[in-house]
Amino acid sequence: MTPLLSVRDLRVTFGSTQAVRGLSFDVPAGGTLALVGESGSGKSATALSILRLIEREGGRIDGGTITLHEEDGPLDITALEEDRLRALRGNRISMVFQEPMTSLNPVLTVGNQVAEVFVRHQGMNRKKALAAARNALESVRIPEPQRRLLQYPHELSGGLRQRVMIAMALACRPRLLIADEPTTALDVTTQAEILSLIRELQAEIGMAVLFITHDMGVVAEIADRIVVLREGRKVEEGVVDQVFRAPKHAYSQQLMAATPKLGSGSPNPPSPGPRLLEVRDLSTRFTLGRGLFEPRRTFEAVRGVSLAIGRAETLGLVGESGCGKSTLARSILRLVEPASGSILLDGQDVMRARREDLRSLRRHAQMIFQDPYASLNPRLPVHALVTEPARIHGTVSTRDQRAFAAGLVRSVGLEEDAVDRYPHQFSGGQRQRLCIARALSVKPKLIVADEPVSALDVSIARQVTDLMLELQEREGISFLFISHDIAVVERVSHRIAVMHDGRIVETGPSQSVLRDPRHPYTRRLLASVPRPEPGHRRSAPDGLPTDPLPSSTPEARLREAAPGHFVRENAA
Amino acid sequence: MAEATFHGRTARPAGIAALRRIWREANGLQRAALCIGLALLAVAAFAPLIAPHEPTAQSLIARLRPPIGFERFKEGYLLGTDELGRDVLSRSLHGLQLTLVLAMLGASIGLVLGGGLGLLSGIAGGTVDDIVMAAVDAQIAIPFTLIALLVLAIFGSSIEVMVLVLGLYGWEQYARIVRAEVRRLMQMPFVEAARAAGATGSRIAFRHVLPNTVSPLVVQFTLAISNIVLLESTLSFLGIGVQPPTATLGSMVGIGRDYMPTAPWIVVVPAAMILLVTFTVQILGDWLRDRTDVRLIDR
Numbered sequence: 001m002t003p004l005l006s007v008r009d010l011r012v013t014f015g016s017t018q019a020v021r022g023l024s025f026d027v028p029a030g031g032t033l034a035l036v037g038e039s040g041s042g043k044s045a046t047a048l049s050i051l052r053l054i055e056r057e058g059g060r061i062d063g064g065t066i067t068l069h070e071e072d073g074p075l076d077i078t079a080l081e082e083d084r085l086r087a088l089r090g091n092r093i094s095m096v097f098q099e100p101m102t103s104l105n106p107v108l109t110v111g112n113q114v115a116e117v118f119v120r121h122q123g124m125n126r127k128k129a130l131a132a133a134r135n136a137l138e139s140v141r142i143p144e145p146q147r148r149l150l151q152y153p154h155e156l157s158g159g160l161r162q163r164v165m166i167a168m169a170l171a172c173r174p175r176l177l178i179a180d181e182p183t184t185a186l187d188v189t190t191q192a193e194i195l196s197l198i199r200e201l202q203a204e205i206g207m208a209v210l211f212i213t214h215d216m217g218v219v220a221e222i223a224d225r226i227v228v229l230r231e232g233r234k235v236e237e238g239v240v241d242q243v244f245r246a247p248k249h250a251y252s253q254q255l256m257a258a259t260p261k262l263g264s265g266s267p268n269p270p271s272p273g274p275r276l277l278e279v280r281d282l283s284t285r286f287t288l289g290r291g292l293f294e295p296r297r298t299f300e301a302v303r304g305v306s307l308a309i310g311r312a313e314t315l316g317l318v319g320e321s322g323c324g325k326s327t328l329a330r331s332i333l334r335l336v337e338p339a340s341g342s343i344l345l346d347g348q349d350v351m352r353a354r355r356e357d358l359r360s361l362r363r364h365a366q367m368i369f370q371d372p373y374a375s376l377n378p379r380l381p382v383h384a385l386v387t388e389p390a391r392i393h394g395t396v397s398t399r400d401q402r403a404f405a406a407g408l409v410r411s412v413g414l415e416e417d418a419v420d421r422y423p424h425q426f427s428g429g430q431r432q433r434l435c436i437a438r439a440l441s442v443k444p445k446l447i448v449a450d451e452p453v454s455a456l457d458v459s460i461a462r463q464v465t466d467l468m469l470e471l472q473e474r475e476g477i478s479f480l481f482i483s484h485d486i487a488v489v490e491r492v493s494h495r496i497a498v499m500h501d502g503r504i505v506e507t508g509p510s511q512s513v514l515r516d517p518r519h520p521y522t523r524r525l526l527a528s529v530p531r532p533e534p535g536h537r538r539s540a541p542d543g544l545p546t547d548p549l550p551s552s553t554p555e556a557r558l559r560e561a562a563p564g565h566f567v568r569e570n571a572a
Numbered sequence: 001m002a003e004a005t006f007h008g009r010t011a012r013p014a015g016i017a018a019l020r021r022i023w024r025e026a027n028g029l030q031r032a033a034l035c036i037g038l039a040l041l042a043v044a045a046f047a048p049l050i051a052p053h054e055p056t057a058q059s060l061i062a063r064l065r066p067p068i069g070f071e072r073f074k075e076g077y078l079l080g081t082d083e084l085g086r087d088v089l090s091r092s093l094h095g096l097q098l099t100l101v102l103a104m105l106g107a108s109i110g111l112v113l114g115g116g117l118g119l120l121s122g123i124a125g126g127t128v129d130d131i132v133m134a135a136v137d138a139q140i141a142i143p144f145t146l147i148a149l150l151v152l153a154i155f156g157s158s159i160e161v162m163v164l165v166l167g168l169y170g171w172e173q174y175a176r177i178v179r180a181e182v183r184r185l186m187q188m189p190f191v192e193a194a195r196a197a198g199a200t201g202s203r204i205a206f207r208h209v210l211p212n213t214v215s216p217l218v219v220q221f222t223l224a225i226s227n228i229v230l231l232e233s234t235l236s237f238l239g240i241g242v243q244p245p246t247a248t249l250g251s252m253v254g255i256g257r258d259y260m261p262t263a264p265w266i267v268v269v270p271a272a273m274i275l276l277v278t279f280t281v282q283i284l285g286d287w288l289r290d291r292t293d294v295r296l297i298d299r
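Chains as they are written, first to last, in the working numbering: chain A, 1 to 572; chain B, 1 to 299.
It should be emphasised that the hints constitute simulated quantities derived from the structure, not laboratory data.
Being a predicted model, the structure only gives us computed values, none of them experimental.
For each residue, glycine too, the CB sits at the ideal point set by N, CA and C.
Every clue listed holds true.
Okay, the calculated beta carbon distance ranges per label pair:
#1 A:S39 / B:N27: 27 to 37 Å
#2 A:G564 / B:A134: 54 to 64 Å
#3 A:Q348 / B:V128: 31 to 41 Å
#4 B:A138 / A:T78: 51 to 61 Å
Quick partial rundown of chain B residues pointing at chain A, CB under 8 Å, derived from the structure:
#5 M188
#6 A196
#7 A199
#8 N212
Work the whole structure out from these sequences, hints included.
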């Protein structure tokens, strides 16, 4: 059988760097091929080359062929003129991008944007195109398609926006859909829905899918074949089952090993001791609308949360975007002012602390942020950055600063000469190490880590979490580890708290919560996590619980379901 | 290899070695600008020594004489004479001195005033922000020439008042630029990280926020210098700037305008100097911005 798309010896360069170095693969008609690799492996450059959008990004195809096998003969995309390419894009081959938030034009209605595809490629008039747009939205299972036509992108959630993108991509029933990390920016439950949607539509239309991702779980979920990329070269290709069961190349093995798998165990809990952090009934509200004529509304991001962390213990806080987990973290450190509740850190009352006391209290609790690129001041050298908390608290003098910094960067596994460099000279993983070094400079008792590895590649993320575990072992630091990735949380946490809609709905020892989830939300979350085991593929869509969750009322109390394992239940 | 370049650029050897390195790393345009800039500064500083005549010395029998190489050229008046028979070269040199002083002082006052208010406004937010921004809006709404006229009419025209008026010019642009940058930077995780580390407000302002606003400020500063030179000539033209017979480049252009068809050199010489000054300042400003940006150090 001839494949639908053949890429042969593709070479792509950006300036003087080679992004893709002689890559060959086939996408079978109607099948799904996954291009897998870490950042910089050339997977997106490959995708953009297929649509010849690479020139717009400043890249150049240096060699090789990309052949689309049409009914009326093969078509070499690398040699097409611009107007023939335009007819191809969005029509025969279309693409879904990673960022649903920015891929839609914010000032046009959804209806106009979807209809445009029909006007452009099928020459429909406006009225017909709008009707077709409505059907397109319906086909991607968007509820109330008629109403959505008149809405603007900001009125839709991330998941709905990605559905709109897919509706646009599939409007002309393309033969090939290129999906470039289409679910990376989405929550796991939304991701599961989008993946099953893509699978269903693929069966309906009979199109081929080129799926680009760094997430092995997603690959196992959706692909038939897999191509593993590294530094622009193919290191392994094969049927998904085979590659997952017995990866041949060392890099694939390493990638598999680094991929966090749910159910691979948690660290042993530390011996029970006095509590380091105790939070009771913490609530945080935001005021929305500050305008003259706007009514003041308040939004409660954190609603009566209680939690405790022991010494040298890690509490994993899991939840989807917007559930209030970051606000909770900032409230505990009083970077955001909580409305009510109490916070005891090492026996000291954080809520009642005045400004000066708060400043010295902050020595004991440090924070690590999600974006390692933005959390280091770009204008300061490393020795000034990592020692800043210590300088503020006067525990190191200007004279000793450099030597102290050298010790710190060594303790997080970087070379000592890093102290004279600037943040932009480091990779993402190295920067996150610098953030950890900075937190360590004041020997904190607690480190609050807000999605510390979400922006990193799996193998780098693995190294960073290993470092955190090692530091806990060595220095006895407690962690509040926040993440939307349950598998990562499982690996580092002694206990887990699941947050939903501003409340903790379930908490307990990691294994107890993950093996015996009691709250419906926890169950749904666990069911949505893609597993890097092809055998586990869900028979969509009924594999996913979608029934509405019971909204937890204020009367709902936490009930002990198993030793130390609490679940929120409605009083009724 | 990477190691060597890396140390070469971060270590800061003092004195001649540093100057030599700066020169080596500059491109042709920057080298030219640096030379012209230094020459202009030197000429301005030693104007009284270099100038062949007193800038105000009139010689009515030698009115409107053209520069060297033209017919009717008069010995000793290299670039010709103006309508009162004053030496254009001498007046331009003295004018350059005064104009440079006015522009530099004016732009610096605007930078400190506007930048400071912008920083305050961006960090404090709330009522302070509202007040500063209301003042900015008011400033934008009223033509600055009008304000300058009012101030100069009330306090009379002297060099000191002139400097203050020119300093006031453009403060609102600095304020808006700095405020916008500050507000953006205050949202950055590294500012939050500093807060979480226990940093005080002033530490955040001066160590984390202000250094990151340098790039747009330098650009604005170079634009302001050019604008101030133009404003000064406008005011001189309206008769409320630096009073005649004292020469500034702007007033020379303003007065010479009437003689453009018959004696263009009266305008051309000071205008060329204005051009040189603004050009040099722009190039050097961009260069300064790039050199102070550590992010441009080779990876």
